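Engineer: Okay, here's what each chain looks like letter by letter:
2 protein chains.
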Amino acid sequence: MNYKTENIKHIIVEKPLKLDCGKTIKDFPLAYETYGKLNKNKDNAILVFHALTGDQFVSNINPITKKEGWWVTAVGPGKAIDTDKYFVICANVIGGCMGSWGPKEIDKKTNEPYGLNFPVITIRDMVNAQETLLDYLGINKLLCATGGSMGGMQLLEFCSTFPNRTFSAIPIACSTSHSAQNIALNELARQAIMADPVWDNGKYIKKNVQPKNGLAVARMVGHITYLSEKGMQEKFGRKLQEKADYEFSFNADFQVESYLRHQGYTFVERFDANSILYITRAMDYFDLSKKFKGGLLEAFKGQKIKYLVISFSSDWLYTTKENKDIVIALNASGADVSFSEITTDKGHDSFLVNEPEFLKTLKGFLDSMHTKFRNEKRI
Amino acid sequence: MNYKTENIKHIIVEKPLKLDCGKTIKDFPLAYETYGKLNKNKDNAILVFHALTGDQFVSNINPITKKEGWWVTAVGPGKAIDTDKYFVICANVIGGCMGSWGPKEIDKKTNEPYGLNFPVITIRDMVNAQETLLDYLGINKLLCATGGSMGGMQLLEFCSTFPNRTFSAIPIACSTSHSAQNIALNELARQAIMADPVWDNGKYIKKNVQPKNGLAVARMVGHITYLSEKGMQEKFGRKLQEKADYEFSFNADFQVESYLRHQGYTFVERFDANSILYITRAMDYFDLSKKFKGGLLEAFKGQKIKYLVISFSSDWLYTTKENKDIVIALNASGADVSFSEITTDKGHDSFLVNEPEFLKTLKGFLDSMHTKFRNEKRI
Numbered sequence: 001m002n003y004k005t006e007n008i009k010h011i012i013v014e015k016p017l018k019l020d021c022g023k024t025i026k027d028f029p030l031a032y033e034t035y036g037k038l039n040k041n042k043d044n045a046i047l048v049f050h051a052l053t054g055d056q057f058v059s060n061i062n063p064i065t066k067k068e069g070w071w072v073t074a075v076g077p078g079k080a081i082d083t084d085k086y087f088v089i090c091a092n093v094i095g096g097c098m099g100s101w102g103p104k105e106i107d108k109k110t111n112e113p114y115g116l117n118f119p120v121i122t123i124r125d126m127v128n129a130q131e132t133l134l135d136y137l138g139i140n141k142l143l144c145a146t147g148g149s150m151g152g153m154q155l156l157e158f159c160s161t162f163p164n165r166t167f168s169a170i171p172i173a174c175s176t177s178h179s180a181q182n183i184a185l186n187e188l189a190r191q192a193i194m195a196d197p198v199w200d201n202g203k204y205i206k207k208n209v210q211p212k213n214g215l216a217v218a219r220m221v222g223h224i225t226y227l228s229e230k231g232m233q234e235k236f237g238r239k240l241q242e243k244a245d246y247e248f249s250f251n252a253d254f255q256v257e258s259y260l261r262h263q264g265y266t267f268v269e270r271f272d273a274n275s276i277l278y279i280t281r282a283m284d285y286f287d288l289s290k291k292f293k294g295g296l297l298e299a300f301k302g303q304k305i306k307y308l309v310i311s312f313s314s315d316w317l318y319t320t321k322e323n324k325d326i327v328i329a330l331n332a333s334g335a336d337v338s339f340s341e342i343t344t345d346k347g348h349d350s351f352l353v354n355e356p357e358f359l360k361t362l363k364g365f366l367d368s369m370h371t372k373f374r375n376e377k378r379i
Numbered sequence: 001m002n003y004k005t006e007n008i009k010h011i012i013v014e015k016p017l018k019l020d021c022g023k024t025i026k027d028f029p030l031a032y033e034t035y036g037k038l039n040k041n042k043d044n045a046i047l048v049f050h051a052l053t054g055d056q057f058v059s060n061i062n063p064i065t066k067k068e069g070w071w072v073t074a075v076g077p078g079k080a081i082d083t084d085k086y087f088v089i090c091a092n093v094i095g096g097c098m099g100s101w102g103p104k105e106i107d108k109k110t111n112e113p114y115g116l117n118f119p120v121i122t123i124r125d126m127v128n129a130q131e132t133l134l135d136y137l138g139i140n141k142l143l144c145a146t147g148g149s150m151g152g153m154q155l156l157e158f159c160s161t162f163p164n165r166t167f168s169a170i171p172i173a174c175s176t177s178h179s180a181q182n183i184a185l186n187e188l189a190r191q192a193i194m195a196d197p198v199w200d201n202g203k204y205i206k207k208n209v210q211p212k213n214g215l216a217v218a219r220m221v222g223h224i225t226y227l228s229e230k231g232m233q234e235k236f237g238r239k240l241q242e243k244a245d246y247e248f249s250f251n252a253d254f255q256v257e258s259y260l261r262h263q264g265y266t267f268v269e270r271f272d273a274n275s276i277l278y279i280t281r282a283m284d285y286f287d288l289s290k291k292f293k294g295g296l297l298e299a300f301k302g303q304k305i306k307y308l309v310i311s312f313s314s315d316w317l318y319t320t321k322e323n324k325d326i327v328i329a330l331n332a333s334g335a336d337v338s339f340s341e342i343t344t345d346k347g348h349d350s351f352l353v354n355e356p357e358f359l360k361t362l363k364g365f366l367d368s369m370h371t372k373f374r375n376e377k378r379i
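Line by line, the protein sequences give chains A and B. Mind the numbering: the first sequence is residues 1 to 379 in the working numbering, read in order. Mind the numbering: the second sequence is residues 1 to 379 in the working numbering, read in order.
Chain A with its partners taken away, still in its complex shape (with noise of 0.2 Å):
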């Protein structure tokens, strides 16, 4: 990646941190961004947990790569989650890339990139770190958390853990556990970045290098998997790329080549590859019922937080059944819950891109529950 992510907003955590993978870490850089005010009451901040390859910068311009937010459809003023009335927070993961903890940072051990030391870290080591932001902010109880896709894995492993933090919660197009096919799809763009002879061990970094043609091939098989069948065939069908027939050659003469292409090699600009290696296993890992013995049931018992579940009608990532069976956990655990499946065929992008009634299900669910949250804090 060509960014520098020195200077970027961020907090070093000194509190120990223990890791599941039995390593404790302290004094490491969290990088966030805020948008809005907090006000004086603290009955409305919303912290947004972010996907796979997404970072804090949410709305607006991101001030490193000059884009916009990742989730500028959904936040800024007078969007669903309304900047004018709501603080919203959004924190780089640790094993990230935008500042945060992660194994492109400088090991104070050895004075060299992490790499391959970067010990592998959990969903619940990506949320703890997060926690203790809301500490540095002073946030006791946030109106609202909410994530898609990775997003709401962490947020189900928040509620599971921090179960008084916050007052409402709104996962969306994910699940409590990775299944067989979707280990095997991050294991492909693992396995495409390890096979690139620039990724050496992950050691490229030192010799400030990058894994570009594999990152580049596991970033298109995202691409792939981001979208519906039928809302690709829609989006480029057999199309052509700017010729009248065939080419003859390997050149991409399909429209949806040149996408895959375009999309692959442009990330390499933005992320690094150690980092997706990091996450995705992360993902994998990620097993909400594990540490409980009685299963999911266990996992939502006795939380009082108010969920939204949002899934997506032609999401094949995580299917609207992986999604219901959030709902059915929670509805077994006597948690209040409501559930929403989109009807779209825009696949598992549907949470970062305009789709009205998502956006006006969100906006509506976030409004009652500052309602409700406020009348609560005036008890």
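Since the hints were made in silico from the structure, they are not lab data. There's no promise every hint is true.
To be verified - Listed below are the simulated EDC-like cross-link pairs for lysine to aspartate or glutamate, each with C-alpha atoms no more than 16 Å apart in a straight line:
no., chain 1, residue 1, chain 2, residue 2
1, B, Lys-23, A, Glu-247
2, B, Lys-291, A, Asp-245
3, A, Lys-79, A, Glu-341
4, A, Lys-290, B, Asp-82
Unchecked claim - Some residues of chain B that are not near chain A, with every Cβ distance over 12 Å (derived):
no., residue
5, Asp-84
6, Val-198
7, Glu-229
8, Lys-235
9, Lys-239
10, Asp-245
11, Thr-361
12, Lys-363
13, Lys-372
Small disclaimer: the values here were computed from a predicted structure and weren't measured. We put the CB at the ideal spot given by N, CA and C, even for glycine.
Take the given structure of chain A and dock chain B to it, following the hints.
Structural biologist: Below, chain B alone, put in the same frame as chain A:
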């Protein structure tokens, strides 16, 4: 790949063949295998078209790889395609690497392997080459022609181009043109190969090496798409590979990771990377209706072939919908067509594994066609 293919049974196609790309070829090898005996009436010949990574060794032990033939579940004495009754023929596609003319063969002009100097071929080119084999074997009209996946595409092209050369046809788990998603998945495989520096624009073949890493990743893409989500979940779920808990490393913790790595790295022993590029390209270019102004109806018009179209309920690579579209077009063109959707969790792989309902359907249709064909020949 590690195999010598010079001594494989083959014919030399002397007749000039004009390829879709415009070039004309002649005197090229076409490798093939037969099982069973052609009877006196020549009413028992079945032509099998193989899929992407298949070859002519349908049944018994493949003499080159020493492994079972790829369709041993369906073809053999007493099996659905009973070699005690039927004479089964299968040819290696041109562009392949099991003895037929392909990118690893020697270009007589340069005395070096073709590599990327091999022309981009099409499904029609493959089929045109194979038709010459029927002449050589003295078979005017087949009892049946069949094939799954790319084999089904060749079959549809064969029926359209040579409507009088088969009495019946069984396209299995295929489509009349690739969807955007299928093009994308093939492009992913191609990009994985081309990302490998060993590939070196296809010139690796002259150095007697193979882009193993890239080819293995390409193969992993395939194996993910051949299984259904449910089938993969049942087969692997989140089971760990010979360990009690997560290893917190990038080794294969999950069985599904181990499976993919194994499939990827054994494949490179038997298949040429350039062949994957050429054959996937042919699949993506395939569009049965392209040469007909009236679309699919025209492609099937006037055919007297009796069709049985078979799809698998959990196949997401060539969905039941895509197979039904073939049936709809055949019906609309007045053809004689049956359709069977086999209910199974085994995904696209269903036609290659022991799927009793499928094999029973195959056998029933073939035997009934045999009776009809004999009667027709008698009249």
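Engineer: Would you check the hint for Lys-290 of chain A and Asp-82 of chain B, treating anything up to 16 Å between C-alpha atoms as holding?
Structural biologist: Between Lys-290 of chain A and Asp-82 of chain B the Cα gap is close to 50 Å, so the pair fails against 16 Å, i.e. violated.
Engineer: Just checking, Thr-361 of chain B versus chain A, shortest CB gap more than 12 Å?
Structural biologist: holds (26 Å)
Engineer: Would you check whether the claim that Lys-372 of chain B is not at the interface survives, using Cβ distances to chain A and the 12 Å cut-off?
Structural biologist: Non-interface label stands for Lys-372 of chain B: nearest chain A Cβ at 37 Å, farther than 12 Å.
Engineer: So Asp-84 of chain B supposedly isn't at the interface. Is its beta-carbon more than 12 Å from every beta-carbon in chain A?
Structural biologist: holds (40 Å)
Engineer: Can we trust that Glu-229 of chain B is non-interface, i.e. its beta-carbon lies farther than 12 Å from all of chain A?
Structural biologist: Answer for Glu-229 of chain B: violated, closest chain A Cβ roughly 5 Å.
Engineer: The output says Asp-245 of chain B does not contact chain A. Does that hold with a beta carbon cutoff of 12 Å?
Structural biologist: Nearest chain A Cβ is 9 Å from Asp-245 of chain B, so the label is violated.
Engineer: Beyond 12 Å from every Cβ of chain A: is that where the Cβ of Lys-235 of chain B lies?
Structural biologist: violated (7 Å)
Engineer: A cut-off of 12 Å on Cβ-Cβ distance, and Lys-363 of chain B was said to be off the interface with chain A. Does that hold?
Structural biologist: holds (32 Å)
Engineer: Can the restraint linking Lys-23 of chain B and Glu-247 of chain A be considered satisfied, given a maximum Cα separation of 16 Å?
Structural biologist: Holds, at roughly 13 Å.
Engineer: Find the nearest Cβ of chain A to the Cβ of Val-198 of chain B and say whether that gap is larger than 12 Å.
Structural biologist: With a cut-off of 12 Å, Val-198 of chain B comes too close to chain A, as the shortest Cβ separation is near 8 Å.
Engineer: Once the closest CB in chain A is found, is it more than 12 Å from Lys-239 of chain B?
Structural biologist: Answer for Lys-239 of chain B: violated, closest chain A Cβ roughly 8 Å.
Engineer: Is the straight-line distance between the alpha-carbon of Lys-291 of chain B and that of Asp-245 of chain A 16 Å or less?
Structural biologist: holds (12 Å)
Of the numbered hints stated above, those contradicted by the structure are hints 3, 4, 6, 7, 8, 9, 10, listed in ascending order.
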